[in-house]
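For the sequence shown, position 49 matches number 77 in our numbering, and the numbering has no gaps at all.
The set of hints was computed from the structure by calculation and includes no laboratory data. Just so it is clear, the structure is predicted and the values come from calculations on it, not from any experiment. No residue lacks a Cβ here, since even glycine has one placed at the ideal position from N, Cα and C. Incorrect hints may have been included.
As the list claims (entries may be wrong) - Beta-carbon label-pair distances, calculated as ranges:
no.	residue 1	residue 2	range
1	Ile47	Thr82	14 to 22 Å
2	Ala117	Asp83	32 to 40 Å
3	Asp80	Thr58	17 to 25 Å
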Amino acid sequence: MPSVEGTVVREIDANSRVIGTWEIDGRTNTFTFNLSNSMPMFKSGAATLTYDTTDDLTGTCTFQGLIGRNQIKVTLDDAVTVSGSLDTAIRVNASVNGTGIWQQS
């Protein structure tokens, strides 16, 4: 399965929205995570996206995983995974789930 490194950051104005961005084949692939719960500010400047084909990186899907202390590890319903170390540790260790949508530009 191919993998690529990118960034994942909690959006400044929405404590339950997280944006992941990865460059693949000259295109920016963005996944917006709409979390079921609030999270403190965090960023992973080295978040690894693992997928089967770029067809997996389209549309709306659900996800579940863990964000906390020093890491993020989330699995989308199409077996796509996002994992990495947080740039700065946070005080919570939370199970997360929700829905999200892929966009390409």
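Hints versus structure:
At roughly 19 Å, the beta-carbon separation of Ile47 and Thr82 lies within the given 14 to 22 Å, and the hint holds. A C-beta distance of roughly 35 Å is found between Ala117 and Asp83, which places it inside the suggested range of 32 to 40 Å. The hinted range of 17 to 25 Å is satisfied by Asp80 and Thr58, whose Cβ atoms lie roughly 19 Å apart.
The structure meets every hint from the earlier list without exception.
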